[in-house]
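Using the sequences provided together with the hints, build the complete structure.
One letter stands for each residue in the lines below.
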Amino acid sequence: MKVKEMVKNLDMEALTDAGMENEVTGVYACDLLSRVMSGCQEGDAWITVQTHLNVIAVAELDDAACIIVPEGIAAPADTLEKAEETGIAVVSSQLGTYELCWRLHELLS
Amino acid sequence: MKLDFVIDGNNFDMAGEASSSVKRSLAKLGVSPPVVKRAAIAMYEAEINAFIHGGGGEAHVEIESDRVEMVIRDFGKGIADLSLAMQEGWSTASEQVRKMGFGAGMGLPNIKKNTDELDITTAPGEGTEVKMVIYIK
Ligand SMILES: Nc1ncnc2c1ncn2[C@@H]1O[C@H](COP(=O)(O)OP(=O)(O)O)[C@@H](O)[C@H]1O
Ligand SMILES: [Mg+2]
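For the record, the sequence lines run as chains A and B.
For the first sequence, position 108 (counting from the first letter as 1) is numbered 107 according to numbering that gives the first Met the number 0, and the numbering increases by one without interruption.
For the second sequence, position 88 (counting from the first letter as 1) is numbered 87 according to numbering that gives the first Met the number 0, and the numbering increases by one without interruption.
Don't read these hints as lab results, they were simulated from the structure.
Since we're looking at a predicted model, the values are computed, not measured.
Glycine included, C-beta positions come from ideal geometry on N, C-alpha and C.
Among the hints, a few may not be true.
[Stated by the list, open to error] Dumping the calculated BS3-like pairs for lysine-lysine here, alpha-carbon to alpha-carbon at most 27 Å: (1) K81/A / K111/B; (2) K36/B / K81/A; (3) K76/B / K111/B; (4) K27/B / K112/B; (5) K136/B / K27/B; (6) K1/B / K112/B; (7) K111/B / K98/B; (8) K1/A / K36/B; (9) K1/B / K27/B; (10) K81/A / K1/A; (11) K98/B / K81/A; (12) K1/A / K98/B; (13) K7/A / K81/A; (14) K136/B / K1/B; (15) K36/B / K1/B.
[As the list claims (entries may be wrong)] Label pairs and their computed distance ranges (CB to CB): (16) N9/B / E84/A: 19 to 29 Å; (17) E84/A / L28/B: 17 to 27 Å; (18) P33/B / E20/A: 20 to 30 Å; (19) R34/A / N9/B: 46 to 56 Å.
Written out as structure tokens, the structure is:
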């Protein structure tokens, strides 16, 4: 499923224009960047409460399909700017991580 | 192919840029995705360490047909007890840095796991040089 379809289906908000055509093939949830670096796989939608600039580098290195910020947490402008430049999709959801994982599982299977 | 980078210790925006650039170069050269991933993990961890713990430095990367060599050097405080630093979970990162998701104490162990050769030269007050080689098969 494309990121833009996921956004529509789960009533998320796209915070970037970039990356909306990326294919979501899995889900990974973690906030410890070292763990994410080795655990997040290509095509994963990465759920994290971290919104500082460096998450964009991590998402790019992991070939994540997108970053999902849960619980309606705001992402700073410089992060979104860098995401746009790098072609990384950042989307926001009002849902918590558990509910997001559960709904994404239903949606992807 | 030779690549040189400056790791600016004052510029958080750029932390991870060298790793991204190396990853893109390897992918472009057609290196297999698992090898690219290992290089990306190792380079990122060493780059972030040079930035967070070492106050910045430089990176030199050489990509050959059968290997990629990544050398990251900083001029910071060095590592007093390297075998302790290599242990999973050991970290001296500040509370502030931990809140940002760094400081899990997994960087050096991850580097070890993902490289074929690892050589760390460090001494208190004399900075740190991390030389990593990954074989491209
Ligand atoms: N370049 C460096 N300069 C000084 N100290 C370092 C450097 N790299 C690692 N260290 C020390 O080794 C510890 C473990 O490093 P690492 O495994 O990457 O974990 P983390 O970076 O999460 O603390 C660090 O907390 C720090 O004390
Ligand atoms: Mg580290």
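Hints and how they fare:
1. K81/A / K111/B: 30 Å, violated
2. K36/B / K81/A: Distance ~22 Å between K36/B and K81/A Cα, so the pair holds.
3. K76/B / K111/B: Within the cut-off at roughly 21 Å; holds.
4. K27/B / K112/B: 24 Å, holds
5. K136/B / K27/B: 16 Å, holds
6. K1/B / K112/B: Status holds; Cα separation ~24 Å.
7. K111/B / K98/B: Satisfied, since the Cα-Cα distance of roughly 25 Å is no more than 27 Å.
8. K1/A / K36/B: 23 Å, holds
9. K1/B / K27/B: 14 Å, holds
10. K81/A / K1/A: Distance of about 21 Å is within 27 Å: holds.
11. K98/B / K81/A: 21 Å, holds
12. K1/A / K98/B: 31 Å, violated
13. K7/A / K81/A: 24 Å, holds
14. K136/B / K1/B: 19 Å, holds
15. K36/B / K1/B: Status holds; Cα separation ~19 Å.
16. N9/B / E84/A: 19 to 29 Å: Given about 21 Å between the Cβ atoms, the range holds.
17. E84/A / L28/B: 17 to 27 Å: Holds, at about 23 Å.
18. P33/B / E20/A: 20 to 30 Å: The hint (20 to 30 Å, Cβ to Cβ) holds, given that P33/B and E20/A are roughly 25 Å apart.
19. R34/A / N9/B: 46 to 56 Å: 27 Å, violated
Hint violations for this structure: numbers 1, 12, 19, all remaining hints satisfied.
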